[in-house]
Amino acid sequence: MSNQMKALVKARAEVGLSMERAPVPEIGAYDVLIRINKTGICGTDVHIWNWDDWAQKTVPVPLITGHEFAGEIVELGKNVDDLTIGQRCSGEGHLIGKKSRQSRAGKFHLDPETRGIGVNEQGAFAEYLRLPAFNVMPLPDEIDDDIGAILDPLGNAVHTALSFDLVGEDVLVTGAGPIGIMAAAVARHVGARHVVITDVNQDRLDLAARVVDLFPVNVAKQELREVEGALKMSQGFDVGLEMSGNQMALDQMVENLVMGGRIALLGIPPGKSPVDWSRIVFKAITIKGVYGREIFETWYKMIAMLQNGLNVRDVITHRFDVDDFCIGFEVMRSGLSGKVVLDWNKLNSST
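Residue numbers (my numbering): 41 to 391.
Where hints are given, some of them may not hold.
Derived Cβ-Cβ restraints for the label pairs, each shown as a range [claimed, not checked]:
1. Lys386 to Ser313: 43 to 53 Å
2. Gly68 to Asp253: 40 to 50 Å
3. Glu112 to Pro314: 48 to 58 Å
Rather than coming from a laboratory, the hints here were simulated on the basis of the structure.
We put the CB at the ideal spot given by N, CA and C, even for glycine.
Produce the entire structure from the sequences given, and follow the hints as far as they go.
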């Protein structure tokens, strides 16, 4: 194996990424080296590409980006004894500390010292990735590399959707991006009665309807109350999954929930947003903020559901060789796609 690899790098403080030569990572005693086969482009990667205010404040330059991946282990640290060379895997991209109360209590996803691969640390848009063995998630044969490469965002969807009991409940999902669509699929899989998803992007609503048995609603053209009447819902939705980061969508969700309704909040509104807290209080609504995945409970549940019939494959709408990464990002930035997957296999075979 060469000591050099190709990687997508935020090399300069400007828009875009570039394909660069970089050293193959050296691993420590408790790490593994993973050869990357497939990667997914995330909304976070788009922020980094665009070099927006958040990216400028967060991302060190230069940095190998990317955090959604599937690959196989090619090297083990000397103290790693529970994984094997050649094992297919994905991995948790949040690198946790060991000192905080949350981490020492096993609530790893709440550790305030968390650093993210591809955001704060060298990432997965590369031929090889160094990852702590602790963060590795082996992939069963039933989960191919395409699905393995989107387990990270699927985990966000699973964490959000499973925040509350959904069996027999009427569920409103606001935001028909890939994670919102996958959250709707999870809600349906675990036994929700009705699942309604809203957006103003008709292309994404059409995609949602192809992926999941649900009711897509373009709120620019149709009132939610009409849909509730058509579904014979007398009081409103029981659970809301807010995935859009749009304040108007959250306000609409609050208005259309039952008394005592519950909201899992994954979407991040830009800046500060006005909230009618009196409406939330008087409706006795519970709001849970959701961040990342529960490490590792979300991974176990997600893999089990995929093995038991959860199907999100059609949320992947575009696949490109990594050499065509500029096209992949252009498609992702257009807002007209689902998940975009980059294939590193041709690159691996030529280096």
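Hint check results:
1. Lys386 to Ser313: 43 to 53 Å: holds (44 Å)
2. Gly68 to Asp253: 40 to 50 Å: Hint holds: Cβ distance 47 Å, inside 40 to 50 Å.
3. Glu112 to Pro314: 48 to 58 Å: holds (49 Å)
In summary, this structure violates none of the numbered hints.
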